[in-house]
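Protein sequences, first through last, are from chains W and C. Note that the numbering used here gives residue 277 to position 277 of the first sequence, counting from 1, and the numbers run on in steps of one. Note that the numbering used here gives residue 58 to position 58 of the second sequence, counting from 1, and the numbers run on in steps of one.
Some clues are possibly wrong.
[To be verified] Straight-line C-alpha distance at most 30 Å; calculated DSSO-like pairs for lysine-lysine:
| id | chain 1 | residue 1 | chain 2 | residue 2 |
| --- | --- | --- | --- | --- |
| 1 | W | K301 | W | K229 |
| 2 | C | K71 | W | K108 |
| 3 | C | K5 | C | K131 |
| 4 | W | K108 | W | K134 |
| 5 | C | K5 | C | K63 |
| 6 | C | K71 | W | K134 |
Bear in mind the hints are in silico, worked out from the structure with no lab data behind them.
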Amino acid sequence: MRARIAAIEALSPAIKRITLAAADGTPLPTASAGAHIMLAIPGPGRVWKNAYSLVSPPDARDRYQIIVRRVEPSRGGSAWLHDHAAAGQEIELAPPINLFPIARRAAKHLLLSAGIGLTPFLSYLPVLRGAGQKFELHHCCRHAEAAAFTALLPGTGEAITLHSSRNTLDVLHLLARQRLDTHLYVCGPDPFMVAVLGAARDLGWPEAKLHFESFGGATGGAPFTAHLKRSGITVAVAADQSLLEAIEAAGLQPPCLCRGGACGECALPVLGGVPEHRDHVLSPAEHAAGDIMMTCVSRAKTPELVLDF
Amino acid sequence: MSGIKSRPLYAPLHLDPAGRTHLIVSDLQELPEGAIETGAAEVELWLNGNPIAEAAATGTLRKFRATADLKTNLSHRLQRAPVGLRLYAVGTEAFLWDINNIAAAAGLGPGEIFLAQAGSLRRRVYCTHCKTMNEDVTTSIVTCSACGASLFVRDHFSRRLAAFMGVAVDAEVPGEVPTPEVLYP
Numbered sequence: 001m002r003a004r005i006a007a008i009e010a011l012s013p014a015i016k017r018i019t020l021a022a023a024d025g026t027p028l029p030t031a032s033a034g035a036h037i038m039l040a041i042p043g044p045g046r047v048w049k050n051a052y053s054l055v056s057p058p059d060a061r062d063r064y065q066i067i068v069r070r071v072e073p074s075r076g077g078s079a080w081l082h083d084h085a086a087a088g089q090e091i092e093l094a095p096p097i098n099l100f101p102i103a104r105r106a107a108k109h110l111l112l113s114a115g116i117g118l119t120p121f122l123s124y125l126p127v128l129r130g131a132g133q134k135f136e137l138h139h140c141c142r143h144a145e146a147a148a149f150t151a152l153l154p155g156t157g158e159a160i161t162l163h164s165s166r167n168t169l170d171v172l173h174l175l176a177r178q179r180l181d182t183h184l185y186v187c188g189p190d191p192f193m194v195a196v197l198g199a200a201r202d203l204g205w206p207e208a209k210l211h212f213e214s215f216g217g218a219t220g221g222a223p224f225t226a227h228l229k230r231s232g233i234t235v236a237v238a239a240d241q242s243l244l245e246a247i248e249a250a251g252l253q254p255p256c257l258c259r260g261g262a263c264g265e266c267a268l269p270v271l272g273g274v275p276e277h278r279d280h281v282l283s284p285a286e287h288a289a290g291d292i293m294m295t296c297v298s299r300a301k302t303p304e305l306v307l308d309f
Numbered sequence: 001m002s003g004i005k006s007r008p009l010y011a012p013l014h015l016d017p018a019g020r021t022h023l024i025v026s027d028l029q030e031l032p033e034g035a036i037e038t039g040a041a042e043v044e045l046w047l048n049g050n051p052i053a054e055a056a057a058t059g060t061l062r063k064f065r066a067t068a069d070l071k072t073n074l075s076h077r078l079q080r081a082p083v084g085l086r087l088y089a090v091g092t093e094a095f096l097w098d099i100n101n102i103a104a105a106a107g108l109g110p111g112e113i114f115l116a117q118a119g120s121l122r123r124r125v126y127c128t129h130c131k132t133m134n135e136d137v138t139t140s141i142v143t144c145s146a147c148g149a150s151l152f153v154r155d156h157f158s159r160r161l162a163a164f165m166g167v168a169v170d171a172e173v174p175g176e177v178p179t180p181e182v183l184y185p
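Isolated chain C (complex conformation) (with noise of 0.2 Å):
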């Protein structure tokens, strides 16, 4: 660890007793062997339906075709939904925020959204210098999609932009750019 103190730490999901309908949101395909004890409750679960490209619904389970598409349905039930709701979100750090900040925007607080991390260690990285986020990084250094800068992923996460900040590693002696190891598997 680099010893950035910023770095969200996740506790294990446990369902909250005090709410009265819960929603469980994830970018995977299936939810980890023991991601959360749901006990007896009714849960509803969302999960990322791709690669079936198929949309499903049945029951409490929803399947949608990408995650984008889990997101502004989010958004729409948040706004409707009812005090009472706990939502709760499983997945890769970057999808976690993501949750967050539209659980935040639909008046959620403290104490109604819980996240943890779970799959792929994969980054956002957001590129400090032309503003673009890269998305699905595995590697130490990545070459920015838009402006072409080597960046260097920094443990430093922003929970605003629900991504790692990417910095030019080569911006004392241009060109100098060591090999990237793939540390975000």
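Chain W extracted, bound-state conformation (with noise of 0.2 Å):
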């Protein structure tokens, strides 16, 4: 659907605020918390599909916004935002696809955020505050930056903690204390992720109350070939381009829903060669098989893979 760029403002240096209407004004279609959008930027010669979290309350249908942070050195997309993006301007966008709700059986909700990886949470903020739920928010982030976080944490108190150079966070600690009625989410960069995801496996969390999203998104790395053997072609990936949309450049329609190797949904079978795991989906031993990958983030070690697509 085509939205209009509202308003755009700086937060910080390097954060962005970004408000998106309707471009021709009519509702937009709800959100559920945790729910993200996908843009399609433009760029020279491609567009960037990135997927970026509802930051608006999840009822609003008058606007959505996001927050971009510009990622130094940015695949496109970021930058666009940040350097060419403009009020009154016109973007497509995908509508809202939920893949980190809140859990609903949850008693306590224990949410631990990192940098950019608040965003989901400011869309849970005012759903759990209005349905009375418990829960206890930890954001850790640069010193630099904490004001910018700061202002966006309105109630900051007992339930929500800043952590930056001065305060920072045990996780440790604070993970072994929760009882058998919370469950955890978990959404920053990666060394975070998964600094909190191992704490919590090894104090023994169950899978079922861990919930993570990662947007870090593809980082790039050594070109490669992928040949797609029902279709009959072979695309080359570039080095600063995934898979994924190394197959979309080549006119093809291959499944994805969050390009960011967290929902599983661009798995394709590898039938040759070793792909390069990034994603937070499959198990170590799915990783070790090497007999499907996702797309959108895992790349290949090998020169060539071959794909059954």
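Could you fit the two chains together into a complex? Lean on the hints.
Shown next, in the form of structure tokens:
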């Protein structure tokens, strides 16, 4: 659907909040807490499809708001939104999809985020507060950005704690003292996710109580080629391009949803070559087997992959 | 079997290596041979002490005067326990699902509770007419302890009620009640 950029606000030198409205002024589809939208961002010679968590209240139908960090080096998406996007411009977006919903059976919600990973929780807060649900949010950020994040978290108190260099988060201690009725939600950069989820699993947290989403997205790597056996074509994957994008650039429509290695929708069977897994979906055993891969983030260890697509 | 697909199936029990603490509860006086392989792991075991009628607690073993007492203690324990606990229930089917429901109320979910049927096959039967629970039923037909209806004990099991459904066997022709057989010893 077509959307119009209604406003762009700088929250810090590297973080902007972008407000979108439907281009024709009609109410937008409702979202649910934790949902994301996909923006088709124009770039030189290609279109970037990036997913961004909604930070506006889920029941707001007059606007979608997202928060974008300028990634260095940017593959194109965040740089365009920071440098070229302007109020009044139109942009193509895919309606909200939620792969990171609130677990309704939890009696308490423990939310851990780092950096821009706070964004999905900004849509959680009004819902959890409205429903009178017990929650605890711990957000970790650089000291320089603490003020920007504090401004996004009204009502900071016992339930919300901001951690920067002067008040670091003791993850192990926090996770170890939770009761059996608590669910854990994690969102942030890869090292943060790995550390928190690793600590949780070591402490015996069951998988059913771990909820996480990562929009690190494809980070690029060595170029390789992928032979799509059923389609009968071979695509070249450039260093700054994901396998999914290369398949799309060849005119095909492979399955995908989150484009961040979190949902599992884009899984394709691997018939030849060795994938380099970068997703959060497959188990270590599945990674080792190497017969299935997530095209949105994973790459290749061998010069060529053969895929069943 | 009656072809009812909702009957729970029970897999052999194994200690979940991802758990930090392990608690096994049973409505039997002792765990059947091979019910669960505990290896070298430290495991707490709660048993039904009845008919010893004497509660005992030695090390990691606790014996309760009755399963009702065990359930009450479990509920308190689960409200205080930190995450990382794995709960295993061994025993009659009604007991298993009572434990499951106590655990679910305390927030335990899939991957934290494991059930295995052992001991008697006797059934708790829910009278679908007067809503009374009839405990320890071993026969194909039972007279409801509250309303006196002759209940056919169906294979239809409710996990929420932790009971099998009992329906009037003589609803069509009142008084025509087949001879009960012992099917659930």
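Right, here's what the structure says about each hint:
1. W/K301 / W/K229: holds (19 Å)
2. C/K71 / W/K108: Between C/K71 and W/K108 the Cα gap is close to 24 Å, so the pair holds against 30 Å.
3. C/K5 / C/K131: holds (23 Å)
4. W/K108 / W/K134: The given pair, whose Cα atoms are some 5 Å apart, holds under the 30 Å limit.
5. C/K5 / C/K63: Violated, at roughly 35 Å.
6. C/K71 / W/K134: The hint holds at about 26 Å.
The structure shown violates just one earlier hint, number 5.
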